[in-house]
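2 protein chains.
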Amino acid sequence: MQADFEGLFGAALPFWDALETREKKQMTGSAQMKQFEPGEVMHNGSGDCQGLFVIETGRIRIFLISETGREITLYRLFDGDVCIFTASCILKNITFELFVAAEAPTRAAVIPPKVFERLSATSLPVSDFAGKLMASRFSDVMWIVEQVLFMSFDKRLAIFLLDQAGIEGSDTLRITHEEIANHLGSAREVVGRMLKYFAAEGIVKPFRGGIKIIDRKKLAALA
Amino acid sequence: MQADFEGLFGAALPFWDALETREKKQMTGSAQMKQFEPGEVMHNGSGDCQGLFVIETGRIRIFLISETGREITLYRLFDGDVCIFTASCILKNITFELFVAAEAPTRAAVIPPKVFERLSATSLPVSDFAGKLMASRFSDVMWIVEQVLFMSFDKRLAIFLLDQAGIEGSDTLRITHEEIANHLGSAREVVGRMLKYFAAEGIVKPFRGGIKIIDRKKLAALA
Numbered sequence: 088m089q090a091d092f093e094g095l096f097g098a099a100l101p102f103w104d105a106l107e108t109r110e111k112k113q114m115t116g117s118a119q120m121k122q123f124e125p126g127e128v129m130h131n132g133s134g135d136c137q138g139l140f141v142i143e144t145g146r147i148r149i150f151l152i153s154e155t156g157r158e159i160t161l162y163r164l165f166d167g168d169v170c171i172f173t174a175s176c177i178l179k180n181i182t183f184e185l186f187v188a189a190e191a192p193t194r195a196a197v198i199p200p201k202v203f204e205r206l207s208a209t210s211l212p213v214s215d216f217a218g219k220l221m222a223s224r225f226s227d228v229m230w231i232v233e234q235v236l237f238m239s240f241d242k243r244l245a246i247f248l249l250d251q252a253g254i255e256g257s258d259t260l261r262i263t264h265e266e267i268a269n270h271l272g273s274a275r276e277v278v279g280r281m282l283k284y285f286a287a288e289g290i291v292k293p294f295r296g297g298i299k300i301i302d303r304k305k306l307a308a309l310a
Numbered sequence: 088m089q090a091d092f093e094g095l096f097g098a099a100l101p102f103w104d105a106l107e108t109r110e111k112k113q114m115t116g117s118a119q120m121k122q123f124e125p126g127e128v129m130h131n132g133s134g135d136c137q138g139l140f141v142i143e144t145g146r147i148r149i150f151l152i153s154e155t156g157r158e159i160t161l162y163r164l165f166d167g168d169v170c171i172f173t174a175s176c177i178l179k180n181i182t183f184e185l186f187v188a189a190e191a192p193t194r195a196a197v198i199p200p201k202v203f204e205r206l207s208a209t210s211l212p213v214s215d216f217a218g219k220l221m222a223s224r225f226s227d228v229m230w231i232v233e234q235v236l237f238m239s240f241d242k243r244l245a246i247f248l249l250d251q252a253g254i255e256g257s258d259t260l261r262i263t264h265e266e267i268a269n270h271l272g273s274a275r276e277v278v279g280r281m282l283k284y285f286a287a288e289g290i291v292k293p294f295r296g297g298i299k300i301i302d303r304k305k306l307a308a309l310a
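Sequence order for the protein chains is A and L.
For any residue, its number in the working numbering is found by taking its place in the first sequence, counting from 1, and adding 87.
For any residue, its number in the working numbering is found by taking its place in the second sequence, counting from 1, and adding 87.
For reference, chain A alone in the conformation it holds in the complex (with noise of 0.2 Å):
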């Protein structure tokens, strides 16, 4: 087991190689192999506090949730990835309540927050790290702020039906008006409205369950 840590962290963590041999064995002897099914909550807000997640196969969304219930995906994570939020607790400064749910059969190794705050707070590497980490996460939320406060509704559904078939790896995709409302901050209605346009132009063509892109060159056009 302990093998499998060592091979994912030296792929995933850049700051491995830095670490002495005493602090990747605190890693690799505190670390939990995780798995989890598509739909599964993997961290609920703030008072959530599992440690960092280390992705070994699988996808992740990190979403908000409102109030009321609405939801938007902030951004999504994969093989060899490094979600930072399930550590809430040793995030200083960070005010916000994230939600992580798994999007397919994902396989993450945790470290517990302890055993990281204590190795950010004496290595120069781990903490250069986490503030890279951060940055990058930031700039993802950044271009879903400037997509919901100066693109239109149609270029930004767009752009969302070519990233999920590039997720997907298939213009077939299998998901419902709502999931994609969720996505992307808006109401079921909204979406249903804006695909029937889409339907009607001949750009995707709706079944039982899902989208079909039917002409991707109009859909790029639009994103």
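Keep in mind that the hints are not guaranteed to be accurate.
Copies of one chain are not kept apart here, so a pair can be met inside one copy or by any two copies together.
Claimed, not checked - Think about it this way: if two alpha-carbon atoms lie no more than 30 Å apart in a straight line, the pair counts; the simulated DSSO-like pairs of lysine-lysine are:
#1 Lys242 / Lys179
#2 Lys299 / Lys242
#3 Lys242 / Lys283
#4 Lys179 / Lys292
#5 Lys283 / Lys111
#6 Lys299 / Lys283
Keep in mind that the hints were calculated from the coordinates and are not lab data.
Here the structure is a predicted model, which is why all the values come from computation and not from measurement.
Position chain L against the provided structure of chain A, taking the given hints into account.
This is chain L only, laid out in the frame that chain A set:
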């Protein structure tokens, strides 16, 4: 002049006492005091990289601009605050463009990017400070994201007017509809319409060049 910087940095930079004398001298010796008039642009997107701004006195506004020229205020900084986005060239993994302008007469010490970069690459307290500062600004931006996504416009406008009265220390706000729209990422017409409604409800009273809050209680109930 050097004594000024010592006092300002000692008060504004939590890592100051952890620096060696040599490092402190690098900072005070390379810093420059700059003055800005209200409305003056202090940072013009990622091509501009003057360094870290440590605000001695004043008020600055950090905002986004869309391709079509629409603006939204992300946060404001005041006496003793530090602006890290003006050192954009040393910020790894930040991919978005921010703009900074003075809102009041502002005096700020500018620490050259190279000096801060060298310090944060060798000093753990400085690296830690940069990470926490980033987390803090990330939280400010997330507050705006949640407002834009999940709050009605009347609520956002009410919050803005109350904040603005707090900042100005007066219920008589000298601000145009256009300026409010640029803070909230909205259009002048939308602001005008909502203020007209607030006025009809007896909450505010418009005057030439500004707005007076006349019923704080009702405004606070909206916010």
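Now for the hints, and whether the structure bears them out:
1. Taking the shortest alpha-carbon separations for Lys242 and Lys179, only the inter-copy value of 29 Å comes in at or below 30 Å, while the best intra-copy value is 36 Å.
2. Only within a single protomer do Lys299 and Lys242 lie at most 30 Å apart by alpha-carbon distance; the minimum there is 17 Å, versus 39 Å between protomers.
3. For a Cα distance limit of 30 Å, the shortest separation of Lys242 from Lys283 inside one copy, 15 Å, qualifies, whereas the shortest one across copies, 32 Å, does not.
4. In the homo-oligomer, the alpha carbons of Lys179 and Lys292 never lie at most 30 Å apart, since the shortest distance is 47 Å inside one protomer and 41 Å across protomers.
5. Within a single copy, Lys283 and Lys111 get their C-alpha atoms no closer than 54 Å, and across copies no closer than 63 Å, so neither meets the 30 Å cut-off.
6. Within a single copy, Lys299 and Lys283 get their C-alpha atoms as close as 13 Å, which meets the 30 Å cut-off; across copies the closest is 46 Å, which misses it.
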